[in-house]
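Based on the provided sequences and hints, a complete structural model is requested.
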Amino acid sequence: MSTSKFGDYGGQYVPEALMPAIEELTDAYERYVLNNEDGFIDEFRQRMRDFGGRPTPLQYAEQLSARYDTDVYLKREDLLHGGAHKLNNALGQVLLAKYMGKERIIAETGAGQHGTATAMAAAHLDMPCVIYMGETDIARQRPNVFRIRINGAEVNPVTTGRGTLKEAISETMRDWATTVENTHYVIGSVVGPAPFPSMVRDFQALISEEAREQIQEQAGTLPDAVLACAGGGSNTMGTFHHFVDDSAVDLYAVEAGGSSLSVDEEAGVAPNSASLSTGEEGVLHGARTKVLQDTDGQIMESHSVSAGLDYAGVGPELAHLVDSGRVDPVNVDDDVALEAFHRLSQDEGVIPALETAHAFGYLEEHHDELGDTVVVNVSGRGDKDLETVIEETMERDLSIAPDMSIFREVGGGAL
Amino acid sequence: MSTSKFGDYGGQYVPEALMPAIEELTDAYERYVLNNEDGFIDEFRQRMRDFGGRPTPLQYAEQLSARYDTDVYLKREDLLHGGAHKLNNALGQVLLAKYMGKERIIAETGAGQHGTATAMAAAHLDMPCVIYMGETDIARQRPNVFRIRINGAEVNPVTTGRGTLKEAISETMRDWATTVENTHYVIGSVVGPAPFPSMVRDFQALISEEAREQIQEQAGTLPDAVLACAGGGSNTMGTFHHFVDDSAVDLYAVEAGGSSLSVDEEAGVAPNSASLSTGEEGVLHGARTKVLQDTDGQIMESHSVSAGLDYAGVGPELAHLVDSGRVDPVNVDDDVALEAFHRLSQDEGVIPALETAHAFGYLEEHHDELGDTVVVNVSGRGDKDLETVIEETMERDLSIAPDMSIFREVGGGAL
Amino acid sequence: MSLEASFADEPAFVPYLAAGDPDYESSLAYVEALARGGADAIELGLPFSEPIAEGSTIQEAIVRALEAGMTVDRYFEFVADLDVDVPLVCMTYYNLIYQYGDEQGPRPFVRKAAEVGLSGFVVPDLPAEEAGPLRDACDEFGLDLVFIVAPTTEGERLERMREQVSGYVYVQARLGTTGARDEVSDYTERSLARIEDWDVPKAVGFGIKSGDHAERIVSAGADGIIVGSALVDIVAEGHENDDATEEVAQRLEDKARELKQGALRGAGDRPRVE
Amino acid sequence: MSLEASFADEPAFVPYLAAGDPDYESSLAYVEALARGGADAIELGLPFSEPIAEGSTIQEAIVRALEAGMTVDRYFEFVADLDVDVPLVCMTYYNLIYQYGDEQGPRPFVRKAAEVGLSGFVVPDLPAEEAGPLRDACDEFGLDLVFIVAPTTEGERLERMREQVSGYVYVQARLGTTGARDEVSDYTERSLARIEDWDVPKAVGFGIKSGDHAERIVSAGADGIIVGSALVDIVAEGHENDDATEEVAQRLEDKARELKQGALRGAGDRPRVE
Ligand SMILES: Cc1ncc(COP(=O)(O)O)c(C=O)c1O
Ligand SMILES: Cc1ncc(COP(=O)(O)O)c(C=O)c1O
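Chains as they are written, first to last, in the working numbering: chain A, 1 to 415; chain B, 1 to 415; chain C, 1 to 274; chain D, 1 to 274.
Think of the hints as simulated: they come from the structure by calculation, not from any bench. Since no wrong hints were added, every one of them can be taken at face value.
Quick list of the computed label-pair ranges, beta carbon to beta carbon:
1. C:247 - A:260: 40 to 48 Å
2. D:117 - B:280: 23 to 31 Å
3. C:105 - A:217: 47 to 55 Å
4. C:105 - A:37: 38 to 46 Å
5. D:132 - B:139: 43 to 51 Å
6. A:217 - C:194: 53 to 61 Å
7. A:262 - C:140: 32 to 40 Å
The structure presented is a predicted model; accordingly, all values stated were derived computationally and were not measured. Ideal placement from N, C-alpha and C gives every residue a C-beta, glycine not left out.
This is how it looks when you write it as structure tokens:
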């Protein structure tokens with residue numbers, strides 16, 4: 001099927017019990033999403049406008065532009081309801097589930113952003129919703145767990161393994177295998193079996209649809225480069241999609257370099273999440289793609305200071321665009337991302353998600369190679385990352401970071 | 001001066017040292033804001049669009065509309081950059097300060113929302129910024145203090161008195177009295193000496209300017225009622241302003257009824273912040289207005305579950321509109337606000353600020369008196385209130401609240 | 001002995017264990033105990049880090065085995081070290097098969113599997129649509145490729161499996177993942193009816209716990225039963241309680257016998273097809 | 001004795017204390033000590049909950065007085081209880097004046113103030129533009145209304161104050177709020193020059209700490225000095241250290257004498273205007 005493969009990547013490597021659901025979804029995707037049957041896409045766009053806050057602005061970044069002597073534009077997905085691009089996908093899928101007559105929504109979440117977006121979309125569309133989340137992540141992502149529960153969704157703690165995203169995905173697939181008949185699984189990025197990678201990309205492509213128009217209106221030209229951070233790759237594909245055919249526009253997928261690009265085979269740990277830059281072809285979570293794995297093919301534990309990039313795979317379409325030379329896979333390490341976080345906050349008054357900060361870290365390091373006009377996707381806001389950033393910043397003693405001794409002065413807490 | 005009084009309310013009750021600054025500001029207000037000199041208003045609107053995310057949507061609330069058999073529309077100021085209407089004012093004033101040639105920004109903050117918005121605006125416009133905040137508030141509003149610091153602004157802890165908003169306002173006025181020549185004081189609501197109440201209203205009036213157009217486009221009619229919560233009254237005046245001349249549109253300012261409308265004269269405490277409903281004419285922070293005070297004229301300590309409504313005064317124009325019968329002053333207590341918080345989160349997938357929740361509490365209790373079409377301003381998002389809501393909800397054992405035992409199950413924290 | 005032959009004379013009992021759970025030596029003993037207990041073929045799990053088709057019982061067995069050092073190479077040694085007389089089926093996920101050796105694709109893995117004496121494969125995340133290369137390699141080295149038919153598998157998909165399946169067909173008795181359940185699922189008979197005319201043996205799995213349960217499944221028409229979680233539970237319990245390996249092995253052997261006897265009873269209840 | 005008369009013969013020393021700080025009885029003793037030390041008039045603060053024009057020193061004095069139970073009624077009692085021979089000026093914020101009594105506006109407060117023997121008012125948050133009603137009431141009951149001239153006060157605003165001021169004019173020596181500072185502000189001479197031809201006495205305040213400091217201010221042309229924070233500091237320290245009231249009173253008296261002497265020395269340095 002045309003929407004299921006990207007070169008050799010993609011496919012549907014799932015247990016047989018899920019295949020009918022996948023086929024049903026493929027059919028629904030083609031009818032509603034691709035052919036706007038029953039006005040699905042119209043309703044999706046209208047809800048993204050009224051409930052989600054689209055279009056998001058494309059903002060000229062004055063301080064950064066001056067700093068780099070390059071026109072830098074920010075695509076402000078951080079202003080979307082929920083605080084990240086995640087809602088584009090979550091709302092699209094929950095609405096599709098409604099059109100398909102499903103009665104229940106399940107989703108996995110790691111850092112909690114996708115869980116939050118899905119819970120919001122499900123509340124908005126009045127669908128019961130269960131979010132699977134590793135117990136380790138539950139303990140360290142309290143605010144997002146609160147938000148999910150407050151939106152009325154269940155949080156199902158996953159206690160197997162290390163209790164993080166990988167286990168949560170597996171657990172959600174298990175639920176789905178048992179409940180396929182009435183349940184839709186809202187996957188959180190452009191990963192998983194077909195048609196998820198294409199479908200999630202289409203929902204996220206609102207980003208580049210708007211950005212491409214906005215930049216031409218504001219700058220009078222297409223950009224020389226477009227940057228987006230890449231975890232699973234949904235904000236990335238969403239930001240790139242409508243520029244893919246503009247061959248003069250360079251596309252940079254900025255991955256998490258973590259603390260190092262090297263790998264500890266023995267421990268099964270990659271201290272990064274740079275699947276595009278360093279991963280090998282493999283099969284993970286239903287798709288063939290680039291994967292962080294050991295020589296046996298066991299999936300590595302990935303690492304990044306930003307929880308949302310911390311994933312050992314990546315969307316198959318992105319892997320294909322990298323192999324075909326259309327997308328440049330690049331990465332920056334934790335330190336550079338943290339510095340970029342502070343820089344954007346102080347210079348532009350926009351506190352980015354730590355995921356997003358990676359794209360700005362790359363901008364800082366390579367601005368002179370990017371051309372005259374650059375668009376960077378601000379995939380989310382950083383409110384969720386404040387505690388992490390403070391901790392990680394203090395450990396590193398970064399000079400750019402604001403001093404937090406205010407809390408010592410007033411004796412109000414641990415810092 | 002025409003912009004300085006609203007009936008008997010308003011005026012400029014400030015120390016002599018501030019009068020020249022107030023006169024300079026009045027002049028700048030008339031030139032730049034009222035007469036768009038040097039294109040000030042054009043630049044303000046453009047920045048509110050590109051940086052702030054305006055226009056914000058007017059969303060038809062399906063579940064609430066069904067529940068109340070009334071068309072309920074949400075004006076989504078929670079989607080504004082920073083998460084509340086506060087940026088309209090903060091950006092307007094910081095930009096004005098720039099036009100005035102000021103080199104430094106100061107502001108007070110209580111819950112931290114106005115401090116955050118001001119810090120963001122100051123970072124965006126590259127102005128040094130100092131936020132005064134009581135030390136008690138610093139300790140209980142950690143995330144907002146983080147945000148302010150991360151945006152590069154100083155936080156100046158106020159240790160006098162009880163270390164809350166009142167003291168922070170006084171302290172900021174003191175700083176201003178010392179530094180008037182190069183400093184602008186960005187006051188956080190439609191309060192303070194003229195021209196602040198008019199100026200802040202004009203910046204916030206973007207809300208009703210948009211909402212009035214949007215409701216006519218979407219509902220084909222003006223609303224029967226417009227609701228907004230009222231602390232100082234800036235989101236209130238912003239939401240009402242362009243409807244004031246539409247005499248068929250009822251305007252409801254929903255105040256915090258706290259735990260009770262009665263007053264403990266002895267302790268100097270009003271367990272509410274319902275200045276419009278129960279306050280008496282008095283002079284506070286530079287203006288004559290309705291004030292919570294004892295018979296001597298000492299200002300009461302106000303109380304509300306929502307920190308942002310917790311203020312003993314209110315904007316003089318709003319006091320005047322109440323006296324003249326144009327605005328209905330109403331209130332709901334803490335319990336009703338908390339329930340409304342959960343209802344909007346679960347039914348619409350919009351987690352409101354606790355301040356905002358008061359307006360929805362009134363809607364729940366009086367929907368059958370409000371007519372067929374109602375606009376409610378969602379003044380901010382509730383991310384900042386999660387911990388408070390959980391605590392207050394557990395104390396009250398509200399049946400509408402989601403159960404948070406998830407944290408007990410995984411043993412991840414205090415709850 | 002070929003896989004299909006295991007089903008020839010009487011209903012086959014096909015147990016599953018994860019190789020190396022909870023450690024290499026004990027695991028050898030456990031698998032051998034199952035053979036003694038009457039296994040006609042054994043599905044031997046090669047642990048993969050993301051076992052998306054497994055329920056929590058088997059998932060945890062896989063975690064134990066990985067933590068105890070199981071790798072692909074050790075797995076092949078394990079198979080070579082095993083002293084059993086029944087066909088062994090490698091149950092694993094496609095990525096491990098795909099990555100093995102220098103050559104792209106599944107061929108090196110299958111060659112090696114043939115070398116160490118494995119008889120076939122079950123690969124739960126490899127749908128018939130993607131199975132071509134593995135099928136070809138199996139043909140080249142004379143191994144079987146088992147497919148799982150779910151309660152929801154129908155039409156064209158069923159056809160594609162029928163074309164490729166060999167050894168036996170794994171009939172999933174209910175929706176969901178592996179894991180022992182109390183109720184017999186309603187789907188068994190319907191699923192069996194749907195593939196009635198296939199000429200491979202039909203083994204039913206997912207959720208079989210007891211001899212009685214096995215009896216009912218076989219009397220419903222299955223040519224064999226596949227039992228995983230109920231056996232893994234015994235391994236897990238023994239591990240938790242620090243029980244001696246021989247004791248646990250004995251329990252497994254007893255359980256195997258119970259299940260095999262149940263299957264045999266079930267066969268008595270119905271006319272044999274041949 | 002009228003306020004203006006206090007400045008007649010020699011440079012006046014006008015101290016400030018918050019009434020009731022840290023408690024009613026001690027505060028009476030402290031105010032009386034200032035009179036003994038040479039005060040020519042006394043600014044007696046009536047504590048208001050939002051003292052926006054005060055620095056932290058006086059703000060904290062106000063908090064102490066309020067916590068010790070000071071109210072408007074107690075303040076009037078306090079004035080009546082005081083055994084001093086110099087004019088007393090009520091320094092407070094407009095809301096307390098405005099709220100007093102049943103009648104709207106400042107009249108009841110002024111009447112009562114006249115009754116208990118106060119001589120005038122300083123109201124830091126009442127600009128000349130809003131002062132009409134209070135000025136009228138003061139005229140009616142024969143009290144003075146002091147205005148504060150800031151370093152930044154000019155032109156039309158200066159004129160409006162000149163029209164309304166009586167008793168003395170309070171010349172704010174520097175920008176900002178009350179509070180003791182080390183440096184003499186640059187603004188004193190310029191501010192005095194600006195109001196040279198006013199016919200009320202000019203008292204300079206904000207930041208005067210010592211006799212030497214007082215001397216310099218007077219030699220720069222002031223008719224009197226106003227000292228607040230430096231005295232409140234003595235009260236605060238005594239309160240913190242739990243010192244006996246008499247001891248603290250003695251310190252205040254000594255400080256008052258030092259300041260008055262400084263002012264007198266300053267007058268010797270320059271030709272008297274009359
Ligand atoms: C703000 C933000 N950006 C980026 C990502 C990475 O996901 P993706 O690569 O699918 O956009 C996440 C994931 O949580 C996120 O929260
Ligand atoms: C979300 C929100 N709404 C309302 C208010 C109350 O302020 P105002 O009455 O000035 O709109 C605040 C103040 O912090 C706020 O944060």
